[in-house]
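Chains as they are written, first to last, in our numbering: chain A, 1 to 79; chain B, 1 to 387.
No wet-lab data here; the hints were simulated from the structure. Treat the hints with caution; some may be incorrect.
Sample of chain A residues at the chain B side, in silico, Cβ under 7 Å [claimed, not checked]:
| id | residue |
| --- | --- |
| 1 | Asp-18 |
| 2 | Asp-20 |
| 3 | Glu-35 |
| 4 | Asp-37 |
| 5 | Ser-38 |
| 6 | Met-39 |
| 7 | Val-45 |
| 8 | Val-46 |
| 9 | His-49 |
Even for Gly, the Cβ is constructed at its ideal location relative to N, Cα and C.
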Amino acid sequence: MTDYRTAYLEELTRVAPDIDPDGISDDDHIQEDLELDSMDVLNLVVALHERFGIDIPETDYPQIATVSLACAYLTDKIG
Amino acid sequence: MPSLGADMEAGTLVEWLVAPGDMVKRGDIVAVVETQKGAIEIEIFEEGVVHELTAELGAEMPVGAPLAVILAKGEAPPDPEAAAAPEPSPTPEPVSAPPAPVTSAATPPRPQPASGRVPASPAARVRARELGTDLSKITGTGPGGVIVLSDVEAAASAPKTTKPGSPLEEMRKAIAAAMTRSKQTIPHFYMSETIDIQPAIDLLAALNADRPPAERLLLGALFVRAATLAAVKVKVLNGHCIEGVHQLSEIVSPGIAVALRGGGLVAPALIDAVGMSLDETMAGMRDLITRARAGRLRASEMTQGTITISSLGETGAEAMTGVIFPPQVALVGIGAPHVRPWVVDDQVVPRHVVTLTISADHRVSDGRQVARFIAEFETLMKTPETL
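Using the sequences and the hints, build the whole thing.
This is how it looks when you write it as structure tokens:
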């Protein structure tokens, strides 16, 4: 099984290089806690789309808003 | 050293991208300068041959100091004894800071009066207050040791004896200087309107549903497009006001306010945006925001904005009343969209609305013109397919 947590954090910190991955807890909200703006969120969606080849429609954005939500979402989508 | 904003006093040369003998033309990037707002790429506005690079890497130079000598075609090299010609500043400077002495220590200190008020010219006092400079720490060079304007500016741009603060502290200082200047010199007035943006939200959802993530649009791109087109109609809000002289801009280059994580913000300009499609506007914004975060904006983007657009993004407060970024004359503040009960065709229905607030310079515009801008913006947002 793919380590979605590591993969998500890699893409998140590529989009926002100023964020220390060790300081992110699983329930931090990427916008409210980590201060990503809508452009950063879109860039993260683009990165996850390219890495895993899955479609993430706009209506699903709330489901990748924290590490734990994203892991569940990616597991559900990809397996 | 060009001024990269009304608030800039000095910059540090960190990289030369040309060497003596190189041909340069207008728009070429010739150097990188580290400022309070990050590393900025410096473009040249002349055509010719690089004769000499007079500034050394790592040197902090006041605005106006020469960096290099460029010879026009057929121009003879300058007399080496004569002072090097300063590189022209790319834009008219709102505050023309004369080049500071190379070392302020070269002037022998003059005796200060033992007590009482520090002698200084009125202009020097005003500038010192703007810059937050303590007059008692400055050595005057005017008659009888009176502090004159150039002393204050030299002191402000002289290398600091204390260690410079962190980049964030430096940016905070730059914002403080620009915003203080704005509120002290620009008579702001404000007009607001809450606008139904449901048509834009619906159009965006429909467009994005069929697009891969890399081609999706953000609501912010529609706002920038609407503000750009509204500025074409209401020209008085698009341009600069420098020392009381209003200069309308032929092109619209919206400055996009980008908040940086951890604090601070920059508002680089999307140069000449009128002819761009919605997709091109989105691509331009993505590029600007990426480079703003990486600290790699160009000098023209820092200085050539003609109207600022500050959008609070997709979540958060519903309205903002912004401070104009000098020397511009208007700022478009857009709150986050909220769902509110709204009357449409005599029915109360839930709609996404945003509150638009225009901050305008009363020296150059009045309520009627701002009201027209708001009406144009609203019309465009109601027919988003025309954006």
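Checking against the hints above, which ones are violated? 2
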